[in-house]
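With chain A's structure known, arrange chain B on it following the hints.
There are 2 protein chains.
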Amino acid sequence: MWPALFTPRAVALIGSVGEGKLGYHLLRQMVDGGFPPARLAVVNPKGQGALGVAGYPSVAETGLPVDLAVVVTPAGTVPAVLEECAQAGVRAAVVITAGFSEVGNVAGEEAIREVVRRTGIRVVGPNCAGIVNTHHALFPTLETRPPAGSVSLMAQSGAVGGVFLAWAKEHGLGIAKFISYGNGADLNERDFLEYLAEDPETQVVALYIEEVTEGRAFMRALAACARRKPVVVIKAGRTEAGRRATLSHTGSMAGADAVYDAALRQCGALRVASLEEMFDLCLGFTALPPVRGRRVVIVTNSGGPGVLAADRAEEVGLTVAEPSPALRERLSAFLPPYCGLSNPIDLTVEGTEEGYRRTLAAVLEEYDAAVALNIAPAYLDSVPLARGVVDAARESGKPVAAAFLPGPIVAEAVRYLRAQGIPNFATGERAVAALARLADYYAQRDARVIGPGAEGAVAPLVVSHEAPRAEDARAEAKRSGSLPDSLLEPDLMAWLRENGIPVPEFRTARSADEAVAAARAIGYPVVMKVVSPQILHKSEWGGVLLGIADDGAVRAGFERLARVAAGVDFRGVVIYPLVQGAQEVLVGLFRDPQFGPVVAFGAGGIYTELLRDVALRVAPVDRAEAEGMVRETRAYALLAGARGRPPGDLDALADLIAQVSYLPFLYPEIAEMDLNPVFVLPQGVLVGDVRLIPQKNHHTADSSDSPDSSDSPDSPDSPDSSDSL
Amino acid sequence: MWPALFTPRAVALIGSVGEGKLGYHLLRQMVDGGFPPARLAVVNPKGQGALGVAGYPSVAETGLPVDLAVVVTPAGTVPAVLEECAQAGVRAAVVITAGFSEVGNVAGEEAIREVVRRTGIRVVGPNCAGIVNTHHALFPTLETRPPAGSVSLMAQSGAVGGVFLAWAKEHGLGIAKFISYGNGADLNERDFLEYLAEDPETQVVALYIEEVTEGRAFMRALAACARRKPVVVIKAGRTEAGRRATLSHTGSMAGADAVYDAALRQCGALRVASLEEMFDLCLGFTALPPVRGRRVVIVTNSGGPGVLAADRAEEVGLTVAEPSPALRERLSAFLPPYCGLSNPIDLTVEGTEEGYRRTLAAVLEEYDAAVALNIAPAYLDSVPLARGVVDAARESGKPVAAAFLPGPIVAEAVRYLRAQGIPNFATGERAVAALARLADYYAQRDARVIGPGAEGAVAPLVVSHEAPRAEDARAEAKRSGSLPDSLLEPDLMAWLRENGIPVPEFRTARSADEAVAAARAIGYPVVMKVVSPQILHKSEWGGVLLGIADDGAVRAGFERLARVAAGVDFRGVVIYPLVQGAQEVLVGLFRDPQFGPVVAFGAGGIYTELLRDVALRVAPVDRAEAEGMVRETRAYALLAGARGRPPGDLDALADLIAQVSYLPFLYPEIAEMDLNPVFVLPQGVLVGDVRLIPQKNHHTADSSDSPDSSDSPDSPDSPDSSDSL
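Going down the list, the protein sequences come from chains A and B.
In terms of this note's numbering, the first sequence has 1647 at position 427, counting the first letter as 1, and numbering is strictly consecutive.
In terms of this note's numbering, the second sequence has 1397 at position 177, counting the first letter as 1, and numbering is strictly consecutive.
Chain A on its own, in the form it takes in the complex (with noise of 0.2 angstroms):
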């Protein structure tokens, strides 16, 4: 199919294609676009061609070798179209037409993948912008025929592809292919991210997306191809006016935006916020070598630019290092005096193509990256300070990213260093910012390689979000019982036990008597809680009382938990040891609509609540990723011995959330659970409390993680071991 689509040996235009009309336009771009018009057909009742190209009554009449057919005809005729080309021998087709779930022709929409399951034809669309290869001169879409290039574009708003395309055209990014999927009815995200995964001609990937559906099928399609080549992702929908916004276009079920961020990040893909920064992105990576290490060079020709360049570089992680003394009595032996030799390099307006040249040759060899700066004054031609970088970036094989500006004065220049393959961005502080993210993801990749254990901060870029694997140790714990069905504090804290979470020891109590026994056999300080199923914030009803010291207090705490259960079902009290000198964090499991379990930690008390200090991962995790989490929290300081704390067990810790990560596959029937307080001490960690919330509806174990896997049959919670490291 993929032939078909990217390489057909003929195209059919089926619709209209009188003047004015979509057909027409689209008829255009193909041939504009360099398609063989003997290779062409327009398919209408009326036979009628438009622009050098034959029409005909049918595609079985065109004679061609019709591999894709291009479908502009009205949405309620789109069915028997796409019948009629299978009927034909077309193996793929582009819908563009648009009036199907978008507006809630659910029918329309659900007729067309009848066609595809039945014939094997394969859609994009419908609903959508087109596709574009320009390997193929292939450009059946509305938007801007881009440059031949290596970037690959996917987006499901035809719109947002449109911009980007008409910047690759206005700035020279080359384009290999643009997909524009629409409602994705047929061949959607995931299709496209296994195809470009493996297409030659894609070097970098760029996707746009507002809503995925099959959370866990997308992550596996984005974690394949991200292993492979750098993908760039903007998630849109990131507030809530986002999220509605994407929901009213869409009408699909949204998932958690922090949930997206974990999941994205986890598959290894880069998100970025905006699409001039997803263009910087694919610029640097289709036109620099890669960028291993973090100090860079600011090499200008005036003074101010350089300085917002260098601000924007420290704040995006760049080291803006000075240069050794070494290095600075190399350049004070050919650049002249008045020239500045800290970093940023200032040649002044003065600065010469021998002086870019010579000094960027220099520095390149103790610096990681080079960022060179031209601001021309419009009596400064520029094309000789060009040379000059793309001479010293050659000969130096480091990465050279150029902001020569502004863009009407250094036309020119540009064009040149284009041509040379050094990448021009629109400021110095675009520059910078691509750099830190291509550093980011080439010391990932690296990392990879090596091996995660050398990176232990970095998320590992091979998910593993898949439920555990047969060899897995953990999955050997398997599902021990079912879950309590009280779901009353000990009987949770048994049930953890059981699963090897580490729990205080603790005893329950029905009678005065009996707790004194408990306190006595734990040993004092204890603290006692109500037992109730209808007390569920213990705290709030003042159910639990910490240090109690001694038999009489161990009374005095029962009567009064007793009337404070007085009136609902009261079924005794749970007594533990006093946990002091740890700090306090929480550990939780929820499920995301797109993507099933998540696990969550979070610091606990203020961090947690007021400055939602919490760091997510789609489930499960390893002991690695989890590690990951807690360092990325604002208190993970605290954790690690701060303000003269002692250093908790952060091993247990990271132990201890990938542990709770896993048991939402052994046990389906949890919808939401929090250990909270988690106390981590100097050595070891245990649950404080314990809340869980069971799915309603829950049926069996093994259809539930993921609400919208069922039908699939690579289910999240069937083993996979196929894409894992």
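Not close to chain A: a few residues of chain B, all C-beta gaps over 10 angstroms, as computed:
#1 1285
#2 1300
#3 1326
#4 1334
#5 1433
#6 1548
#7 1663
#8 1664
#9 1711
#10 1758
#11 1789
#12 1861
FRET-style restraints, in silico, Cβ to Cβ:
#13 A:1334 x B:1574: 35 to 41 angstroms
#14 A:1481 x B:1515: 26 to 32 angstroms
#15 A:1478 x B:1832: 19 to 25 angstroms
#16 A:1604 x B:1414: 41 to 47 angstroms
#17 B:1604 x A:1296: 25 to 31 angstroms
#18 A:1666 x B:1574: 56 to 62 angstroms
#19 A:1903 x B:1798: 29 to 35 angstroms
#20 A:1460 x B:1745: 47 to 53 angstroms
#21 A:1786 x B:1798: 34 to 40 angstroms
Stretches of chain A that chain B covers, calculated by requiring three or more beta carbons in the stretch to come under 8 angstroms of a beta carbon on chain B:
#22 1359–1370
#23 1624–1637
To be clear, the hints were calculated from the coordinates, so they are not data collected in a lab.
Every residue gets a Cβ at the ideal spot worked out from N, C-alpha and C, and that includes glycine.
Frame of chain A; chain B shown alone:
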């Protein structure tokens, strides 16, 4: 002097005008810019003219009423040239020539100043890129000649100005004045701020600075200008690397960026981080009516870009609220059924002139501002859509920002929008970001007009960066004696109390018996602390004992503190009542090299140390501004009573901050002071500890509160009520 500079009768270019020389380029700019050649003259030893402009060996011989000289002669000749100009009646000069203080030639720059002082000629530069007055066809600059308009730009970096002017030309932003003042040997940002504040042709001021001298004088000029018109500021050197770069090429003394940030906001300036943002705000301010309110509606013809704009809108603090049912009903009466009626309102690619016109007209009755997005495919004629937008905006009178893109496709429509006064932004995201800042600005301006009481959270636009005014009650509280000599805690506490700062009751004791008597007098439980000039960090030495409950504990405590101080100069103990149920914050003072005394508020503990949750203001501040400081910290919620804490007395806290902020003016000997902790109680506040560092080499009370102001007639400690509310 201003008419001579900006509306000269005749201009002399002094220097060589051989082809390729700077003088030649400058002359060409002036001629091409439309300044009458008959009112131009070239002056150089050979009397050589160019480009139709006559040359003379001296200014006197030109026979023209030369008000302005543009100087490009070698650095060494500049003072003599200025001298000659002054003799010939020239009243202002723009010195383009470089090679002065920026390369260490301080004497040369001083020689220029000497001519200025002696002759009264006023100088822009040296080392500058020239000036522009579009309304006088005056273009003695090397940068792009922009279209005429009402934005005036001052830039410490000529290149930054050049980029801005090139964009202004490319995107049709009208400029009134451009001033590149280079080293600012004579006229500097303060002078130009004063001029532009009054200039009727200037509606918006844009300012790029790296460093200022005389921070408080700068604040006065900036605040005075910002009261008249919007001032958009880039202060470069936000990071260490940026600051270092700034230093290396300006040689001036750096103030801390956080203090600059506070100072700019106190003056009512709008600080931005990038040139793009500066450009967008200037565009918005000049082209849009006041943005009053944050409810924004997005009208689009494509979903994806609408979602991206909605996301950004919410992120920058706008409200993308849904239309009311009544409005929906109105819209559904004329919009096709496939249009999305939630916000963003999606007219789809079928959106028409009439669709934009009627939709915008209807929604603008309900919303405060609108963004009109048009993402045009190549076949779409966008001019009719632009007409719809223009008509609706005119009818409603409310702010409508357009984002028509991509550029090459919508060029004609954008020209139409621009001509009709509708600003077009590069993307919808940039449009909403600008609207949000404009809404901030007008909200603050309105609050100022209505009175600051109404909007406690809004930092007052009128800065009280003067010392206390005579009529101010606090100023009456006068200096009470001098700083205690010892700077020991009890002495400082007594001094604070004398100055009206609330401190707890306390007593000192030199023996265990005295301590017991003191503790009894105060009432148990008490706190005891060691007193010794050699123990600064009492807690770390074990010199603070909390919660001492009885006479025995006092005796034991005294012995223990005596042991702590064994071997150092032990001066006894100080005893306080134990303060309970308080939240702890810190209030501090320090001196910034540019801005002098700065007051700091931090919410204490981990907030300050790990989260850097500190609010700064250039001192002194009034109560309302002190309240704003508290509110801008993240821990404000806790102080206000979050998480079940009793709310603290925020009024008393604001009073304390304001009182403290006046101390460095009453006691210029103070270099630094920390009140840490300050106990915030449900009723009142109390200082828990104090540390004070006096200024080294402090001589008089009048010259040291601002290190750079001693030679200024309007030194900050001299009352000046002229520019206060």
